[in-house]
Structures are given as C-alpha cells and as structure tokens.
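Chemist: Kindly produce the complete structure, drawing on both the sequences and the hints.
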Amino acid sequence: MKKNSILLYMALAVTLILAACGGSEEGNEAEAEGASGEKQTVTFWHAMGGQAQTALDDIVAGYNESQDEVEVVAEYQGSYDEALTMFNSVAGTDSAPTMMQVFEIGTQTMIDGGQITPIQEFIDADDYDMSNLEENITTYYSQDDMFYSMPFNSSTPVMYYNKDAFEEAGLDAEAPPETYEAVEEVSRAITESNPDMKGFSLQAYGWLWEQLLANQGGHLLNNENGRESAATEIGWTDEQGLSILQWVENMVNDGTFANYGTNGDNMAAGFLAGDVAMYMQSSASVREVVDNADFEVGVAFIPHPEGTKREGVVIGGASLWMMNGAPEEEQQAAWEFMKYLQQPEVQAEWHVNTGYFAINPAAYEEEVAVQAHEETPQLQVTIDQLQSTTPSNATQGALGNFLPEGRQVVESGLESVYNGEDIEAAHETIVENYNQVIEQSNAAQGN
Amino acid sequence: MQSSSSELKNVFLKQKKKTRRQNFFKGIMFLLPSIILFSLFLFYPMIKTFYLSFFLTDMAGTPTVFVGLDNYIQLYTSDIFRKSFISTFLFVLYIVPSSIIIALFLAVLANEKLKGVGLFRTMYSSTMGISVAAGSIFWMYLFNPSMGLLNEALGVIGIDSIGWLTDPDWALIAISLTTIWMNIGFTFLILLGGLQSIDQSLYENANIEGAGYFRKLFQITVPMLSPTLFFVLVVTIINAFQTFGQIDILTKGGPQYETNLIVYSIYREAFVNRQFGPASAQAVVLFVIILIMTAIQFKFAERKVHYQ
Amino acid sequence: MSIPLPQKIILYVLLIVTSLMVFLPTALAFIMSFMTNQDILAGNLPQSFTLDNYKYVFENFPMLQYLINSFVVSIVIMIGQLLLSSLAAYAFVFLEFKGRDIIFYIFIATMMIPFEASVIPNFQTIRDLGWLDTYQGLTFPFFAMAFGTFLLRQNFKMIPKELREASLIEGIGDFKFYLTVVLPVAKTSLITLGVYGFLTSWNMYLWPLLATTNDKVRTVQIGLKQMSSQEQLNQWGVLMAGSVIVVIPTLLLLFLGQKHLQKGLTDGAVK
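Protein chains in written order, with my numbering: chain A, 1 to 447; chain B, 1001 to 1308; chain C, 2001 to 2271.
Hints were generated in silico from the structure; no laboratory data involved. These figures come from a predicted structure and were not determined experimentally. None of the hints are false.
If you want a taste of the chain B side facing chain C, the calculated C-beta under 7 Å gives, among others: (1) N1023; (2) S1034; (3) P1045; (4) M1123; (5) M1128; (6) G1193; (7) G1245; (8) A1283; (9) I1290; (10) L1291.
Pairs of lysine to any residue residues, derived as SDA-like cross-links and limited to a Cα-Cα distance of at most 20 Å, are as follows: (11) B/K1113 with C/T2018; (12) B/K1018 with C/E2165; (13) C/K2259 with B/L1119; (14) B/K1113 with C/L2005; (15) B/K1048 with C/T2125.
Don't be surprised by glycine CBs; every beta carbon is placed ideally from N, CA and C.
Modeler: What follows is the structure in structure tokens.
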C-alpha cells in the first residue's frame, strides 16, 4: 500500500511540476534578459486604442530604434477604467508595469495607493526643466509644487459637427452653435431638413458632465473641487446640474437627440454614417474622425447655457506614472523614455496623428505640425479652446480618489434622462448616489 | 479457554482496527488532492468572503475598519443593489423557461428518425462550442444601432429601430436573447440524450393503443424525461445567476444599471471600485440565493421527478 | 414505423427553419469575416471574397500566442480534472473507510458554491502566491471538480467489485488496479469529461480576465475582448475574423465529440 501511495504522489507531483513549469519559465526568461545586460526592458501600460494606438506604437518603435539601451514594451490594457482596474489589482506584484498611463481623475487614486515614485525625484536628480511644457498642463499635474506624474496626452472635449448637413439645412456651417439653446435650435433645423438625421448626441460619459459643469463655472466637488481640503460632498448647484439635464430633455422631447448610451464608439460610427449631425467628444479623435468622414467635419468649442459666461474646459487626458516596485535601473530607463516623449518632434507627431495637444508648445513650430494645421485646421480648435480657458478651481478639475465611481453614478443618471425620466428626480438620484460614493470612500480611509 | 478466546478476540480487534486505519489512510490518499484544492480554492475563500463582508478594506483588499453589518444594511437600502437584485431574478425568469422550452422543442424535432437529421443536431448543438466572448461579439453586431441586422429587419417590416443595448426597457431582454441562444447548444444536447434513452417499447405499446402524437408527448416523453429536465433546470438556473461575460462585453451593466446582474455587480464593486467589503457582502447574498434555490428545487422537483 | 409524407414535410420544414435561426449568428460571422468593411458598412451582400481580415488579425494581434495559451491552459485543466476526479471517484466506489459518505456529500455540496461568489479571496490568494500571469494561476483553482467526480463515480460503479477483490488477492494493489483496470474500462466517460473540461476551460472568461495582464499568458477569450475594445470604429470584418478563429477549435471538438458528450453527460446527470 505504501508503494501505491508513493506512485500516486509521483504522478501528482509530475502534473504539478508540469503545470509549474509554465510559470517558472517566464520568470527565467525575464531574468535572463535582465542579466545579459543588453537591453533594459520597460513595460509601459496604456489605454490608447484605435488610431491613437498606432500612433503610440510608432513612437515607441521609433524610440526603441533610436538607442540600444532600453527596450520599451507597450501593452494595451483596455480603456482607462479597465487599465486602472487591472493595475489596482496587480499593484505590488511582479505583474505590475514599470510605467503606466493613467487618466486625470485617477490622479488621487494613484497618489493614495502608495505604489508610485513621484517623478519629481527624477526631475530633481536630473535637473530636468519642466518649464518648457504648456503652462495649463503643468499647473494641472502639479500639487504642492511637486510633480507626481509626467503629463503626456492631454485633450479637451470639443463639439464635432457635420458641415454638409448644416448647409443642407440652410445653416451657416462656419458659425456652429455656442449655447445650449442654439444647439437645440440647430438640431431642430437639421432633423426637419433630414428626418433620418438626429441633431445632437451626448454620450453618457461622466467626463463630459464634468466638462459641461466647468464650462459654466460649476464645481464637481465641494471644498473648491476637493483642492482646498478633501471633498465631503458634491459641489455643483441644482441650477447648474439641472441646466444640463434640461437641455438634454428638450432635445429628447424634440426628437432631435440620438441616444447611444455609454457607447462612444457607436456614437462616432453613427456620426460618420450620417445618423447624427453633432456630438461632443475628446479632441483626441479629431484626426481619426476627419480622416474617416466622407463629408466636411467641423470642430467647435463645447456649448454653455445662455446667460452664463463661458469659463472653458478642464484638461482631460492622462499622464505617465512611475511605479516604485521596479528596480532603479528599470525606473531610470523609463524616465529616459518619458523625457523622449516630451521632445518637440515627438510631440508634434503625436499631436498631428491624434488630436491631443502638444504638451510641449515648441512642437507647434515643427514643420509637420505647421503643415498639418494648414491641411487640417480642425486640429487648431482644441488648442484655442484650452488657451482661452479662464484658470480657476472649476477649470482645474476635481480631486478625489472616488471620481471613477462617481462617473458611473452620473452616467446612469444621464441615461435615465435620455430615456424619458423626470429630470428633477434624475438629478436628485445623481446627487444622492454621488454623495454616498464620497461618504463610503471617506469612511474606508477612516475619515 | 476463556482467556485465550478473549485474547484471540483482542488480536482480532486490533487487526481490524489496524485495517480500518489503513483503509482510512488509503481512502484519504486518493481524495487528498481534491480535498486540498477544494479547501484552498473553495472552502477557504467562502469563509474569507464572509469575513471580508464585515469590513471596509484598503485598495489592495486588506481589511481596515470593522463595520459589523453595515455593508449588508447598505445593500438593503441601496437602490443600485436592489435594481441589480431584481434584474438578476428577472433575467433568470426570462432565460430559464425559454431556454428549456426551446431546447426541448428542438430536441423532440431532432429525435425523429429522418434522413440527414444528424446535420440538424450538429447545427443545434453548435452554440455550445461558441464562447461567451465570441457569441457576444456576434450579437453585438446584431444589436448595432446603425447597421445591425435586427434593426434592419425591423426597418423592412416598418417598425422603428430599437436601442437594444441602450434602452433600459430592452437591454435586459437583449442580454437574455444572447444568453438563451448561448444556452441552446448544451441544453439541447442533454435533452436529446435524455430522449434517446427512453425505452422505445413504451411508444410501441402506445401506438398499438392508437395514442396520438401529443398524447405520447405528454404522457410518455415528458414524464420519462423528467430527471433530465430536472438536471437541466438546476444547471441553467445556477449558470444564469453566474452570468458575466456577455455583460462585460455588451453593456457593462448599463443602461442605468438595468443589466447590472449580481456577478457583474460584485466584479465592479470589488475590482473596479475597490470596495472589497461591500462586494463580499454581495457575494454572500449570491451564495445564499443559490443555496436556497437549489434547496427549493430539490425539495419540490425531486418528488415529482419520475425516475426510471 | 415510417412517418407519413405530409408529416415528414412539416418536420423537415421545421428542422430547416429552426436550425437556420439557431445557426444564423454564427453563419453571419463566418460570412462577414470574409467581407470587406465597405460591403459590411453598406449592408451589401458580399461582392468579393477577401482574406484581408484574417491577415489583419494575425498581423496586428498576437493571435497565435493567445491560441497557444488557451490550448495549454485548457489541456492542463483537463488533465488535472481527469486525474483528481478519477482518483476521488475511485475512493468513493472501491474503498470503504470511515467518513467516506460524509466526504462524498461535502463534495456534492461544493457544486452549489459558485466560483464567482468566491472570486475575491481566490484572486487575492493567487496574487499573494505570485501566480498572476502564470499558467498555474490560470489552471490550479479548477482541478478539483465535483461534477467530474460524480460522473465518474456513476461509471466506476458499473465495474464489479469482485474484480478488485480478485486483483487484491493476486497482490495487485489499489493504485495499479486503478491504473490498469478502472481507467481503461471507463475510457468513454473519461473522454466525455475531458471534452467537457476542455470546452469549459477554453471558454472561461472572468478568471483569465482577472488573472492575466499580458499577452504571454492571456487567453484567446480575453484577447478577443481586447480586440473589440481596441478596434474603435467598428471594424466588423476584423472582429468577426477574430471570433471565428476563437470558435473553430471548440466547434471542431464539439462536432467530433458530440455523440460522446450527449450520452456521457446525460448518463452522469440522471442515472
């Protein structure tokens, strides 16, 4: 019998070892790469899909070819939300990357998570000059005179519109609507002239809600958007919140609103297919939309309610974070790559192939940028919109580690209005649930 | 005499005890791998989930603050969770009877002795070989608002397009359609196997008595099939409660949490929002629901099931 | 007894209509994967046949790596499940010892614990073991399987106990008996269970989503999900080509193993 059980365990052990091999092999591989001292591998997680991914991959390939010390491996991890979810799950393990792209509202989460090395350390050690970067961007990403992360891709929301459809409806294609009321009116005109085309679409996306609030000077969170002290509840007034919902409801009632829910891809596809004439989205896809449309695409500032002053927009987009789990040489290699990304010629390439700003304004002087602005003047709009923004706590954006969860609350509320729910009730639900999110998050931190 | 007999008995007992110990040891040896893995990946996590449900945690999931029953009270009062709870039950209600009835219908059809019936069986069972991810992409196309086949077809017969995945009145139905389709293959296969194991002489006798098609269906087929139907029922219900992939790809729980079924809700609360405590409380709720459902099924259905 | 002709016609019509309905989404995907994007967007019938979508998938995504990963993961899980289930089933059928029945009922009860409900601690376990992004992290949690044990137990029961007693008298131990007699006799059930295990592992979604972060170990299902979020402007041809690549192995396996599955699973479920 003893013999039997020994046999048994041998058989089991063989399977276990077999299974374990898969894993250990990989460990060996990674070690071998490091030990041979040829190239330092840097893992770079990002959330750039579609055309932006192609542009980013080209930049990474360019960097890898430009020198033979560092090999950057760019890995797509899904949307910003999905990438951050993935990172939070594996933070502190071997699976975590060397550096990662995180969207702006993940800033506080990253700082609180304690898994990162502030890039200020590298700036100081290297005496790197951050002052040649766009000022609007550097103020957004610095807190207490310290850079936690390296700005990389920044955009603002813009309003895309179909110029051909404007003309067919007898509208001036060079004078896009600036206020909510004007958007409603234009939408009616468009749907009237072409019943198959809706006027306007607003993706149920928390980021756009934040932008629409900022544009009328509203705060997302109290305590000056969480910048003076940690926010304890939401910061916008009923009037501000309701103005957005009212605007949407009017268009829904007019039958001019196209509802794509939370799906931005379908919305863009609908715009390109001529199902809807105007929509709001990040300027980051200007290039992709202009290239893929078989009509004239216009790009305009985002609207605001009549009777309010246009305050401007919050910088959206993402920055690059250094993980503290990586060994020093690896971090150093990642830092080199981050610096490479700031160079004017790289930024120019990035700007013209996507629609993100050049965070280094010198890039606009580059030949490729000058030329692209001539060919695709739409790229200029996003720069103008940012530069005409009034700096304030509203347009600096909110801070809090619960912002991604808060967006879910807003998105659900927006969808309910798209589907005909009473706006007062919808607004109340948003406020209530958002406050609960804030409360729960504060409680978990023992505040 | 006496003493030697009891000595013998003693030796015998000792021997028996030894054999018993050996047998026990041997049995455990065979079971040990399973027991270890069950303990590590099923029992321990179950207990840990209960434990976590009484805490709030940090981002990595380490418990920080003991909150007693607060997580459960939050669930009880939360609109979002109530919606998730109702959606989950509605979903089960939508898909379980339809999956089984459709699959049973197909199995009865495919059980006829006809030429080329093998091809039809293969086509019916094909959805079992289609993964959640691929199946969801197929249906994502069918549901597409601007060019999907379903809306095009509706357009042909003059009905307005439906926002399958964006209209809160339709999203859960859309997810249910997808899931029913995915279920058909497996359910069909099992039911067909059940039909084929029914004793043919029962039908022959019925034919002699001149019983019609439907009488045979309801008086022979369905009763004789009841153990298989019962099995399929249990499996379909348990699977329905665990639906995840199609939601992650098609709706992400939206619109307005309409399709935020419980497993997706757990996933989102834990891995997206990093609220491991409340998420664990939801997991406990899921566990209790499945336990109760299974118990009810065994209590009621077992009695009525006709075993061969 | 043969079926009268009118009834036969009705049956065939029903068979054809229903099977087309069931098969439609799959058939569409196959067709679209060979169409150009212009044709798809315009809603045309296929005007031309193109392999570009497949070429694009293999050039732009590590599809081959995903496929290999899925094969490794599915086969390892399959072997693990067969081994552990058959060992346990052997103990439940042939060995008599104290507590056996209680253990058996505990095993059966585990079928009621949904893996999804315990996914949070499981994830933490795998993470703390450093098993994220490894094959063992993807496979180990699924080795022990109550349904498999149950199914094989039903099958082993049909082997006469006398056979084992005779073997024991001849000095053949339990393990050898298990290897040389029981496993070969139960071949059919083992194949059924193997096919079933392979199919379900290949189609796993939630766990590989959580437990993998890079293309070296990512399975084909998660690869497909990545692809669908990456291709932002509805490249349907490409998406469908990717899906077709993912479903072909399982469809083939299903067609080959259909009879086995149908009989084996039904027996296990009912008898």
